[in-house]
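*Asks:* Here are the chains, one letter per residue:
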Amino acid sequence: MTGASDSSRIVVNGLSKDFGRGIKAVDQLSFTVEPGSVTGFLGPNGAGKTTTLRMLLGLVNPSAGTATIGGQAYRDITNPLTRVGASLEASSYHPARTGLNHLRILCAAAGLPDSRADAVIAQVGLGDAAKRKVRGYSLGMRQRLGLAAALIGDPGVLILDEPANGLDPDGIRWLRGFFRHLAAEGRSVLVSSHQLNEIQEVADRVVILDRGRLVRSGSIDELTAGTDVVRVHTPTPQPFAAALAAAGLGVVELAPGVLDIRGGPVELVGHLAFVNGIELHQLSGSRANLEDLFFALTQGAHQALPQRPPAPQPRVGGVQ
Amino acid sequence: MIGNLLRAEYRKFTSTQVWFWMLLVCVALTSAFTAGQIGGTKYDDELQSNVRDVLLSATGGFTYIPLFVLGVLSVTTEYRYQTITPTVLATPSRWTIIFVKTIATALVGIVYALICLIVELAIALPWLATRHVHVDLPSQVGTLASAFVVLALFALVGLGAGALIKNQIVAVTVGVIFVAFLDHIVLIIPGVKHIYPYLLSGATNAITVSPHDDHTINGVTLLSVGGGIAVLVVWGLVMAVLGAGITMNRDIT
Ligand SMILES: Nc1ncnc2c1ncn2[C@@H]1O[C@H](COP(=O)(O)OP(=O)(O)OP(=O)(O)O)[C@@H](O)[C@H]1O
Ligand SMILES: [Mg+2]
Numbered sequence: 000m001t002g003a004s005d006s007s008r009i010v011v012n013g014l015s016k017d018f019g020r021g022i023k024a025v026d027q028l029s030f031t032v033e034p035g036s037v038t039g040f041l042g043p044n045g046a047g048k049t050t051t052l053r054m055l056l057g058l059v060n061p062s063a064g065t066a067t068i069g070g071q072a073y074r075d076i077t078n079p080l081t082r083v084g085a086s087l088e089a090s091s092y093h094p095a096r097t098g099l100n101h102l103r104i105l106c107a108a109a110g111l112p113d114s115r116a117d118a119v120i121a122q123v124g125l126g127d128a129a130k131r132k133v134r135g136y137s138l139g140m141r142q143r144l145g146l147a148a149a150l151i152g153d154p155g156v157l158i159l160d161e162p163a164n165g166l167d168p169d170g171i172r173w174l175r176g177f178f179r180h181l182a183a184e185g186r187s188v189l190v191s192s193h194q195l196n197e198i199q200e201v202a203d204r205v206v207i208l209d210r211g212r213l214v215r216s217g218s219i220d221e222l223t224a225g226t227d228v229v230r231v232h233t234p235t236p237q238p239f240a241a242a243l244a245a246a247g248l249g250v251v252e253l254a255p256g257v258l259d260i261r262g263g264p265v266e267l268v269g270h271l272a273f274v275n276g277i278e279l280h281q282l283s284g285s286r287a288n289l290e291d292l293f294f295a296l297t298q299g300a301h302q303a304l305p306q307r308p309p310a311p312q313p314r315v316g317g318v319q
Numbered sequence: 000m001i002g003n004l005l006r007a008e009y010r011k012f013t014s015t016q017v018w019f020w021m022l023l024v025c026v027a028l029t030s031a032f033t034a035g036q037i038g039g040t041k042y043d044d045e046l047q048s049n050v051r052d053v054l055l056s057a058t059g060g061f062t063y064i065p066l067f068v069l070g071v072l073s074v075t076t077e078y079r080y081q082t083i084t085p086t087v088l089a090t091p092s093r094w095t096i097i098f099v100k101t102i103a104t105a106l107v108g109i110v111y112a113l114i115c116l117i118v119e120l121a122i123a124l125p126w127l128a129t130r131h132v133h134v135d136l137p138s139q140v141g142t143l144a145s146a147f148v149v150l151a152l153f154a155l156v157g158l159g160a161g162a163l164i165k166n167q168i169v170a171v172t173v174g175v176i177f178v179a180f181l182d183h184i185v186l187i188i189p190g191v192k193h194i195y196p197y198l199l200s201g202a203t204n205a206i207t208v209s210p211h212d213d214h215t216i217n218g219v220t221l222l223s224v225g226g227g228i229a230v231l232v233v234w235g236l237v238m239a240v241l242g243a244g245i246t247m248n249r250d251i252t
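Line order of the protein sequences matches chains A and B. Take 0 as the starting number for the first sequence in numbering that gives the first Met the number 0 and just add one per residue. Take 0 as the starting number for the second sequence in numbering that gives the first Met the number 0 and just add one per residue.
So that you can see chain B by itself, here it is in the shape it has in the complex (with noise of 0.2 Å):
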């Protein structure tokens, strides 16, 4: 039954031109970012030291911003257009439906983010290699590692947002303030700046942070690699039951 309802699923996703202009912007924006840091890097010494920015460049831009709308959609579309009601009426249950589109979901992000790594390797690869810079793929295997996990999680992220907030506006207006500007605010308040780990963007830099740099952020300390895919996981599943449970529930009308 899962099978048929992800089936399902993916008929919604391909039904329509989201999924392309989406992939567009994830795209173009790993592309100028890939190009910015490589561009922007005057000296070829200065960019060898650098690899590893230029292969983060997939989430060192604002890529997660299209994921993250990609996974609220998935929900919110569903409301906006009230496609809900065929949904429901085909799956009753909410806590289907839900688990149906977290499945989905990280497909999607999974996808998604390896097509942006490709994109970036593709682009970064031959000009770095212009720009007589080595790059030794084998040992940067975390970095994109890192890039990916980030990139698929957010897709994840924004279909708990979705679920919990059901409104397409409301839901990626919400989830960019806070990873772009609120999350950043509480690093500077003094007693509750500790909480910064383990929120949205405190998980991300503490997957994409150098192993070999310094993991204390305004004297806050980062969580591991796996502390933060920890952290954007729970985020996005928490949110997601959440939603199944309250917001969802709600009379169909």
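Excised from the complex, chain A in its bound form (with noise of 0.2 Å):
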């Protein structure tokens, strides 16, 4: 494994992909995954993240644009399954051939000692299920597989399209513990997911995607910094609201004694409240998570969806 070093760098530049007839699936798209750190890859259905994903391991070739791990196109990589580790949809594995042998052909390719194999497949839990044949995996079973040869080669990076389909809720509570585990091992790891809560507990950033484009990218901190709604419960809010706006906050009184605050941390609201000398009955504050950014970053593209009412998560508890 190369660890946290530039040689586990992604870089995307420009990358677009024109399928033909039109359809830009990937569009002037630009982003850097840093060494040793998990980036979600996030999007709605149709974004371009697979693609993408595929243009980065040589499978796709781009309309225009690079995309480098380490500095070099994934084709020139000598032996890439020891420097990068992919796994794409869970489909590509001959149905008659054992998951233990999917794995022996990886390592013979890549000139590695079998035991990787058996190492791999108990690592991601298959070790039971080793010698039966693919056909009589489960969707979930073959995610693990995919996983297990993701990691045959040990390598720095690893890049995951969609790896929690198909995982039962013990598996995805596996997954995440398998992500900080690579994390914590200074791997880089860039993982494409319609999960977002699981995304927003692992990842350390996100790239967020939309028809081809690029949305947002940075920590989940940075994108939702700014989106904080601090509501107190007061039985003097006109001081208060005055104290708050010349503060530079913005002020809402939602019903008698109750205002919402947008524009800074709970902790500031607090902390002007203790020097005016207001009397608070109840302070709360909450973030909008990952899930209502994206939302709000990609609405266009879920007009198909139920429309969700927004439910900020309380960040901290109610103070009497």
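A few of these clues could be false.
Unchecked claim - Covered by chain A, per the in silico footprint, the following chain B stretches (three or more residues, Cβ under 8 Å):
{"#": "1", "region": "0-11"}
{"#": "2", "region": "70-82"}
{"#": "3", "region": "89-96"}
To be verified - Sample of chain B residues facing chain A (criterion: CB under 10 Å; computed from the structure):
{"#": "4", "residue": "Thr-15"}
{"#": "5", "residue": "Gln-16"}
{"#": "6", "residue": "Val-17"}
{"#": "7", "residue": "Thr-86"}
{"#": "8", "residue": "Gly-244"}
{"#": "9", "residue": "Thr-246"}
{"#": "10", "residue": "Asn-248"}
{"#": "11", "residue": "Arg-249"}
{"#": "12", "residue": "Asp-250"}
{"#": "13", "residue": "Ile-251"}
{"#": "14", "residue": "Thr-252"}
The set of hints was computed from the structure by calculation and includes no laboratory data. The structure presented is a predicted model; accordingly, all values stated were derived computationally and were not measured. Note that the Cβ used here is the ideal one computed from N, Cα and C, for glycine as well.
Using the hints, put the two standalone chains together into the complex.
*Replies:* See below:
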């Protein structure tokens, strides 16, 4: 493994893919995945996630732009399985082959000892099914086999396309721990997902894509900063609203004695109450989660989905 | 590195049962045609003059088809089950993939062709002996070599067809239609018939025709044995190169 060094930085620069018939699956996409971090790659169906990952892996030829891993195009990396592990859709198996044999083929191709196949199949919890034909694997088992294949060469970079698909809640919990473990070992993980809340828990950064274009990228804190809403209950709303406005915060009086304050974190509001001698009966803060942000940023693509009520989650419990 | 990739190909080949069923088909076809040749010849002295044909039973029938299919499957299975994705991830260069598959397929062709010949001899030699037919094996080495070369090369031709066409049903159907029908139809079309020696069946005939027989079919002269071998090799390699350069370089989505 190469660890958190420049050899595992992913740089996507001006990447475009036109599948013909005017379909711009990916359009002038640029982003960077820093070594040693877990980066969530998010976007609605058809946003171009899979196409981008496949271009990064040399499977799809870009119409324009470049995608490099450690400064090299995937095609130019010698023995790529030992540098980059990839798990794409969970269907790239010969049904009559056993899971273990699938991995052993990769061992042979990459010049690795067969013991790697045994090690990774156990690591993903498929040890008991290793000698069964893939035909009899469930979707979740196929996903795990894909992860095993990605790990086979002990790579410093992992590129995973919707690895949570088909996993049961237990599997998802396992996957979450697995990402943490991989990142703790200093690997770079680029993981596309629809499981936004799963991503929020494990990703350091996210790249959000919509209709082939970059919508936003950055750490989750950066992206959700500024979306704080602080609610206070106070018997003296007028003087407090004035003090808050003087501090540059936006204030809305929802009901007599109930204020919603935007533009600052809950700590700031609490501090302003204290220094202005305002009595508070409740103080609670909430911040948009990744899912809210995602829906806000990619709204157009979600018109087919049922309208989701805004559901800010309490970040700081109520203070009486 | 090529050694590792060949080992990977060997594992792909042996980790499903296709190799076994195709071997069974090869053995069955060879046995059937050998038995047909000997059993279907009524008189022993007639059989004596047909020893050459008996020893060509392995290629006289349709045994080239399973060999061709094995070559085709080497590439098309990867597309059918999308294992082309892990294969390309391990070996990003399509040229290297096809190069390795070419060597692997040639080796498979050699092994299967040898097995076919052994089966043929195991049936023919004892049976001919009971029919009082004398077989002078040293003088028949050329005959056996012809049968061997044709079978082994059809695996290579299959690989080329698979690389170029990618869809296994289409590749197999097109291949068999050409070898079994179209090549022969060419022979009866006046202006076009002169390309026959350069087609798969024309080349096969050039390899297996008896040196003492007429080398002219319908006014078209066959190539030499070496020429026939070269034509089959070129068909296989040209299709494989085109496949690697054009078809396989397309997006894998
Ligand atoms: N081989 C192809 N030929 C034509 N269009 C394609 C091809 N592959 C993908 N597309 C189109 O490119 C766009 C992006 O598809 P892609 O699979 O990359 O999206 P995605 O973000 O992975 O979606 P999902 O979340 O559903 O997996 C879609 O509009 C899709 O229809
Ligand atoms: Mg996708």
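*Asks:* Take the hints in turn and mark each one as holding or not.
*Replies:* Outcome of the hint check:
Residues of the region 0-11 of chain B with a Cβ under 8 Å from some Cβ of chain A number 8, which satisfies the need for three, so the listed coverage holds. As drawn, the region 70-82 of chain B meets chain A at 4 residues by the rule of a beta-carbon pair under 8 Å; at three or more, the given contact holds. Check on the region 89-96 of chain B: 4 of its residues sit with their Cβ under 8 Å from a Cβ of chain A, so the three-residue criterion for coverage holds. Because the closest C-beta pair between Thr-15 (chain B) and chain A is about 4 Å apart, less than 10 Å, the hint holds.
Residue-level restraint check for Gln-16 (chain B) holds (minimum Cβ-Cβ distance to chain A is 6 Å; threshold 10 Å). Among the interface hints, the one on Val-17 (chain B) holds; its C-beta lies about 8 Å from the nearest C-beta in chain A, closer than the 10 Å criterion. Because the smallest distance between the Cβ of Thr-86 (chain B) and any Cβ of chain A comes to about 8 Å, under 10 Å, the interface hint for this residue holds. The interface hint given for Gly-244 (chain B) is violated, since its Cβ lies 13 Å from the closest Cβ of chain A, which is over the 10 Å cut-off.
Annotation: Thr-246 (chain B) was flagged as interfacial toward chain A, and the flag is violated, the nearest CB pair being 13 Å apart, outside 10 Å. Residue-level restraint check for Asn-248 (chain B) holds (minimum Cβ-Cβ distance to chain A is 8 Å; threshold 10 Å). This hint holds: Arg-249 (chain B) has a C-beta 8 Å from the nearest C-beta of chain A, less than the 10 Å allowed. Because the smallest distance between the Cβ of Asp-250 (chain B) and any Cβ of chain A comes to about 4 Å, under 10 Å, the interface hint for this residue holds.
The restraint placing Ile-251 (chain B) at the interface with chain A holds, with a minimum CB-CB distance near 4 Å, inside the 10 Å limit. A cut of 10 Å between beta carbons decides the hint on Thr-252 (chain B): the least distance to chain A is about 6 Å, and the hint holds.
The structure is inconsistent with the numbered hints 8, 9, although it conforms to all the rest.
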